[in-house]
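Asker: Here is how the chains run, residue by residue.
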Amino acid sequence: MVKEKLQINENGVENTVTINDDVETIKSKKRKAAFTWYIFLLPSFIGILLFMVYPIMESFRLSFFRSNGTMETFIGLQNFQRVLTSNTFWNTVWNTFFIGFFQIFITIPLGFIFASLINSIRRGQNFFKVIYFLPNVTSIVAAAMIFQFVLHPEMGVANYILDALGLPSSTWFSDPSTAKWGVILLAVWHWIGFVIIICLANLQAISPEMYEAAKIDGASGLQQWLFITIPNMSGTFAFLLITGWIGSLQRFNEVYVLGGPNGSPARSIQTMGAFIYERGFTGFEFGIASAATYIMFVIILIFTFINLRVSKMQL
Amino acid sequence: MDQKTSERISNIVKFIILLVCGSLLMMPFIWVVSVGFDRTANITMPFPPRLIPETISSFNYGIVFENGRLIQSYINSGIVTTSSVFLQVSASLLAGYAFSKGNFKYKRLLFILVLCTLMIPMEPRLIPLYTLFNSFSLLNTFWPLILPTVINGMLIFLCKQFFDQLPTTLREAAQIDGAGEFRIFFTVYLPLAGPIAATMVILSFIWSWNDFMWPLVVLNNQDLHTVPLYLASFSLENGTSLGGLTMALATVSILPIVVLYLFLQRYIIQSIALSGVKGE
Chain A
1 MVKEKLQINE
11 NGVENTVTIN
21 DDVETIKSKK
31 RKAAFTWYIF
41 LLPSFIGILL
51 FMVYPIMESF
61 RLSFFRSNGT
71 METFIGLQNF
81 QRVLTSNTFW
91 NTVWNTFFIG
101 FFQIFITIPL
111 GFIFASLINS
121 IRRGQNFFKV
131 IYFLPNVTSI
141 VAAAMIFQFV
151 LHPEMGVANY
161 ILDALGLPSS
171 TWFSDPSTAK
181 WGVILLAVWH
191 WIGFVIIICL
201 ANLQAISPEM
211 YEAAKIDGAS
221 GLQQWLFITI
231 PNMSGTFAFL
241 LITGWIGSLQ
251 RFNEVYVLGG
261 PNGSPARSIQ
271 TMGAFIYERG
281 FTGFEFGIAS
291 AATYIMFVII
301 LIFTFINLRV
311 SKMQL
Chain B
1 MDQKTSERIS
11 NIVKFIILLV
21 CGSLLMMPFI
31 WVVSVGFDRT
41 ANITMPFPPR
51 LIPETISSFN
61 YGIVFENGRL
71 IQSYINSGIV
81 TTSSVFLQVS
91 ASLLAGYAFS
101 KGNFKYKRLL
111 FILVLCTLMI
121 PMEPRLIPLY
131 TLFNSFSLLN
141 TFWPLILPTV
151 INGMLIFLCK
161 QFFDQLPTTL
171 REAAQIDGAG
181 EFRIFFTVYL
191 PLAGPIAATM
201 VILSFIWSWN
211 DFMWPLVVLN
221 NQDLHTVPLY
231 LASFSLENGT
241 SLGGLTMALA
251 TVSILPIVVL
261 YLFLQRYIIQ
271 SIALSGVKGE
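From first to last, the protein sequence lines are chains A and B.
Residue numbering for the first sequence follows the UniProt record's numbering, starting at 1 and increasing by one per position.
Residue numbering for the second sequence follows the UniProt record's numbering, starting at 1 and increasing by one per position.
Hints may be right or wrong, so weigh each one.
To be verified - Label pairs and their computed distance ranges (CB to CB):
no. : chain 1 : residue 1 : chain 2 : residue 2 : range
1   : B       : 75        : A       : 213       : 33 to 43 Å
2   : B       : 195       : A       : 282       : 36 to 46 Å
3   : A       : 309       : B       : 112       : 37 to 47 Å
4   : A       : 68        : B       : 186       : 44 to 54 Å
Unchecked claim - In silico BS3-like cross-links for lysine-lysine, where the CA-CA straight-line distance does not exceed 25 Å:
no. : chain 1 : residue 1 : chain 2 : residue 2
5   : A       : 32        : B       : 160
6   : B       : 160       : B       : 107
7   : B       : 105       : A       : 32
8   : B       : 107       : A       : 32
9   : A       : 32        : B       : 4
10  : A       : 215       : B       : 4
11  : B       : 4         : B       : 14
12  : B       : 14        : A       : 215
13  : A       : 129       : B       : 14
14  : B       : 101       : B       : 160
15  : B       : 160       : B       : 105
What the hints assert, rightly or not - On the chain B side, residues computed to face chain A include the following (Cβ under 10 Å):
no. : residue
16  : 23
17  : 58
18  : 150
19  : 201
20  : 257
Source of the hints: derived by calculation from the structure; they are not laboratory data.
Don't be surprised by glycine CBs; every beta carbon is placed ideally from N, CA and C.
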């Protein structure tokens, strides 16, 4: 390159052309390099277009049609109207929020207490970590299958233990009024390991100097926990709150195993996800189901936004 | 009482609390294994519950394996999970690397798009994806379970974070030697990506193995059922009528995962913690 430039240097006109050429080659090289980067992204973005963007737009379109997959007629906002005036749908919204609320506000404090206990003992930390996380590795489907028996009102081990401890037993899944509590218990059992692991990771990230300073000032263990640990964990709680809600609002697997697509007994554990599945794939009412997914999607977005504001998390 | 003894006592108390609550948490597992070995449990569940069955027998386990559907579902889950993990991890490594070290137009915008995919749940995509795969006559094959896993915003994000920590000087050295972008990636950065790749494989494996709603929609053929689908269909068919058999089935379906977990627990727990801590 350099040699060539020197040779042609005698002729002024040609010189500028070569410099332009040089600029061109650098530019095209840069363009080629940029092109290579797009190849790196190609698999992921084919995936985004085909399996994210297209379906989201298509289900938006479908929500304005009456459709069973083959026949389509445009009906405007009727699907939305039908979903929003359906008592069955609002019942699933209530169920979803009810189960989610108690799952989250039982599991986060309880998991945090367990994490603090595990973090403060000298021996056996790893042992307890492994034990407490075990339910979370089992698939929720298998767990639901087991809990049908564990919470069986007559032959289940849960009622037996409650009786033995002198506590009131429950009818669990066999009665619409208590079925949700069965799901909540299962959800707490399954999620608590995750909460503990996340809390532990963040507990260990708190700088030990703060505790040393507090100790010098004469703070007791409990005081340290209240005034150093808990404020330092607020980011973690916010994270768990948000991911917990997003997960709960999409609850489907365990309620499907426990109560089928219509959430028996008496639709008491049917969630929004189950409503969509029931309408979409047992009734093949694609339009209604699509409208319901959009309503659910909006509920999730609004609720996540509220959670972000409440927990004052910076994104 | 001096401080040392009080500390020791509080330590013991904490240990006991954790032990009691831990065994309460483990109770369903222990009970499940015990009932599975109980010969009489299919007729009436043993009540009051007992730890050691009256007549220990492997009868239920015999039936579970005899009918062959469990083993078939394991093979199916194996095929789907390995393919998904491979596809998802490769695509995410490439994209994560590009977002970390690449220099191209619209980089930020495209990355934001990737992060947006994290917000999109499965439900709104269910019906269009179903009709999409239906139009290619791919329902009741494994393709609908494998192909959509190619995009995973979480893994791309974790991967980008990892490559961000690696120095750019490595690239410059290789570039001076005249290596192209792909060679730099495969010979310089990929060999260093072992830890994050392991994390990605673990997370991807857990997600794919436990996936339920989407497989339920696209697989009607029983012979193609994955493990969770087989469990769910068994459970919905039999309810709480065949206690012993259901428990044996649950045990056998959980056991391999538990064994894998016990061997890899350090890495699995680290991976989960990483996905949570970084998620913040």
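Asker: Is the hint on residue 150/B kept, meaning its closest Cβ partner in chain A is under 10 Å away?
Answerer: holds, 4 Å
Asker: Quick one, are residue 101/B and residue 160/B close enough, alpha carbons at most 25 Å?
Answerer: Roughly 9 Å between the alpha carbons, so the hint for residue 101/B and residue 160/B holds.
Asker: Quick check on residue 201/B please, does its C-beta sit within 10 Å of some C-beta on chain A?
Answerer: violated, 15 Å
Asker: Do the alpha carbons of residue 14/B and residue 215/A lie within 25 Å of each other, as the hint requires?
Answerer: holds, 20 Å
Asker: Can the restraint linking residue 107/B and residue 32/A be considered satisfied, given a maximum Cα separation of 25 Å?
Answerer: holds, 16 Å
Asker: Restraint: residue 23/B near chain A, CB-CB cut 10 Å. Satisfied or not?
Answerer: holds, 9 Å
Asker: Given the hinted pair residue 160/B and residue 107/B, is their alpha-carbon gap at most 25 Å?
Answerer: Given that 25 Å is the threshold and the Cα spacing comes to 12 Å, the pair holds.
Asker: Given the hint that residue 215/A pairs with residue 4/B, test it: the Cα-Cα distance must not exceed 25 Å.
Answerer: The given pair, whose Cα atoms are some 15 Å apart, holds under the 25 Å limit.
Asker: How does the Cβ-Cβ distance of residue 309/A and residue 112/B compare with 37 to 47 Å: does it lie in that range?
Answerer: Since residue 309/A and residue 112/B have Cβ atoms about 21 Å apart, the given range 37 to 47 Å is violated.
Asker: Honestly, do residue 75/B and residue 213/A meet the 33 to 43 Å range at C-beta?
Answerer: Violated, since residue 75/B and residue 213/A (Cβ atoms, about 58 Å apart) do not stay within the stated range.
Asker: For the pair supplied as a hint, residue 160/B and residue 105/B, is the alpha-carbon distance within the 25 Å limit?
Answerer: At roughly 17 Å apart (the allowed maximum being 25 Å), residue 105/B and residue 160/B satisfy the hint.
Asker: If you draw a straight line from the CA of residue 105/B to the CA of residue 32/A, is it 25 Å or shorter?
Answerer: Given that 25 Å is the threshold and the Cα spacing comes to 12 Å, the pair holds.
When held up to the earlier numbered hints, the structure conflicts with 1, 3, 9, 17 and 19 and fits the remainder.
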